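Enquirer: Read top to bottom, the protein sequences are chains A and B. Just so it is clear: in the first sequence, position 93 is 93 by the working numbering, and no numbers are missing. Just so it is clear: in the second sequence, position 65 is 65 by the working numbering, and no numbers are missing.
Source of the hints: derived by calculation from the structure; they are not laboratory data. If you're wondering where the values come from, they're calculated on a predicted model, not measured in any experiment. Among the clues, some could well be false.
What the hints assert, rightly or not - With a straight-line Cα cutoff of 27 Å, these simulated DSS-like cross-link-like pairs (lysine-lysine) come out: (1) A:18 - B:18; (2) A:152 - A:2; (3) B:227 - A:131; (4) A:131 - B:14; (5) A:131 - B:18.
Listed below, chain by chain, are the residues.
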Amino acid sequence: MKSPLIDCQQLTHVYSGKVALSNVSFKLDAGEPVGLVGPNGAGKTTLLSILSGFLRPTSGTVRLFGQPPGATQLIGKVSALPQVARLDPSFTIIEQLVFYARLQGFTTQQAALEAGRVLEEVSLTEATHEKPAVLSHGMAKRVAIAQALIGKPALILLDEPTAGLDPVNVRTVRAIIAERSPATTFVISSHDLAELDRLCKHILLLENGILQPQTIGLNEEQAVIRYITLQMETGAASEVIAELKALGGVLQVTNPQKNEFIVAYDPGLQPHMDLQLMQCINSHHWQYRQLSHGKTLEEKLFFRD
Amino acid sequence: MHPGFFDHLLLIGKFELKRSFATRSGLLSIVTFAVVWCVILLYPLRLAAELLVQEKGLMQGFSFFDVIGFGSLQQWPIPEFGLFWHFALLIFPLLSIMLAADQTCSDRERGTLRFIVVRSSRDRVFFGRFAGVMMIQALLISAAGLSTLALVLYRDAALFSSALPDLFVVTVNLVLAVLPFTAMMAALSAKVKSARQATVWAVLIWTFLAGIIGGFAYYLPTLGFLKLLVPGYQLSALAELSGWQTLQLAYVPLWQSLILLALGRWIMARQTL
């Protein structure tokens, strides 16, 4: 029988008396990127550190491809971008990436080519022969991402991959993830919910070290109640809510943030709610910025009913 | 196919050699060592060797070196190697503590070790770094030995064939002598946060261990065997030996190294990276 990509059972980690993870159990199979979210101190980095083999759990078991983290059988299969890790200041970027590729089993010649390729992938060819000290925070982050891409790992664990990157490079990282999925499964920890919303089909939510029972699937096709999120440019909130509530099939309208409205509706009564909303906006001469199906990830995760 | 244990040992060891011989900071340390060794070689070592050579033709049964407690120097057929042996027994263990202090600690604090461990293993990194530092020290010891050989040949080129076995035995013995010091630093480096901390702890542990065990052994002579736990315990006894006799005590550093490496490996396996 094929082992799951990740299998965690009753994982607990305690730092000097403080529980960082409590009885976390889950299984993940290969496939689309998985998001790992939660507030600060929820245990995301602890979980990724355990999965990467940087940290030993206080109790519980972890298996990646049926092997414990850090097993030599995982070399080249699993790769990681740690949240805090810097390259050796004594060597150039290319020297270190070639060394890492050699450890993964590449010959000297292949390693040089592979190191050049991953640097090109993160648009950093100009920094090839630089030492880490001259790199900006964003460039250092991109080099750290580059090292995680060496070879063809089946699983890449990314801890805050886009933190500190400019929008252009965020887009590059997003493109790399999209291009490599689902051949490579990514587990991405991030606070950028909009980013995860774009990339991930499944979300693991950690709160105070406890994995919330439901992994959140973003597919709402089968739901009895559906949602549309509407972002307006103008329009008085009370007037918008009143008008939207009057539409057929609308069950509830909420206004969680300024100019943002969530319309809950029954698709059985009104299957084309989006068109109805557009007509309503048009007839009142309101300006809207965005209309999207479903709730935002932020709403789903942190403002659940 | 994945590289095996020894492939990684070699790769990691070679990377450490590159750090010492092909980076600016590494080269600076090597040049400093070379300058210090040149001064020792050209002044105290050369002058004392000349004195020993002169003494051989003088009074029998009396020697200046006996008076100052270095009578064993006269047992060496080539005095330069006897002196090299005495100087090296003092210098190389001290150098080892400094050179081997940063085997894993700063990389662990910086997070660099995470990049390496994810594509290797903790054991391979620990033993690879140890092997690398031992290779560097073996090269330095060999270079110092060869420079001593050059000094011997400068005095008398005919001594070449008789000097080679001495060079070999001294080099092997010195490599063995620094083994437990390097293993001790590997274990400390796996635990502490910086090379400076590792050095301080090494000095403290070594001093207290030697003092406490020495005290126990004084009052309870049956506990004298505990001295075997102190790295460098055999050095003073080694200084009294010459030539191939010096290998008589090789078992001491070998056992100490095995114990310290096992301890270091245990620490490394449990350490958070």
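Enquirer: Work down the list of hints and note, for each, if the structure agrees.
Expert: Outcome of the hint check:
Using a Cα cut-off of 27 Å, the hinted pair residue 18 (chain A) and residue 18 (chain B) is violated, with the two alpha carbons roughly 42 Å apart. With a CA separation close to 19 Å, the supplied pair residue 152 (chain A) and residue 2 (chain A) stays within the 27 Å bound. With a CA separation close to 46 Å, the supplied pair residue 227 (chain B) and residue 131 (chain A) exceeds the 27 Å bound. Restraint check: the Cα-Cα separation between residue 131 (chain A) and residue 14 (chain B) comes to about 19 Å, which is no more than 27 Å; the hinted pair holds.
At most 27 Å may separate the alpha-carbon atoms for a hinted pair to count; residue 131 (chain A) and residue 18 (chain B) meet this at roughly 15 Å.
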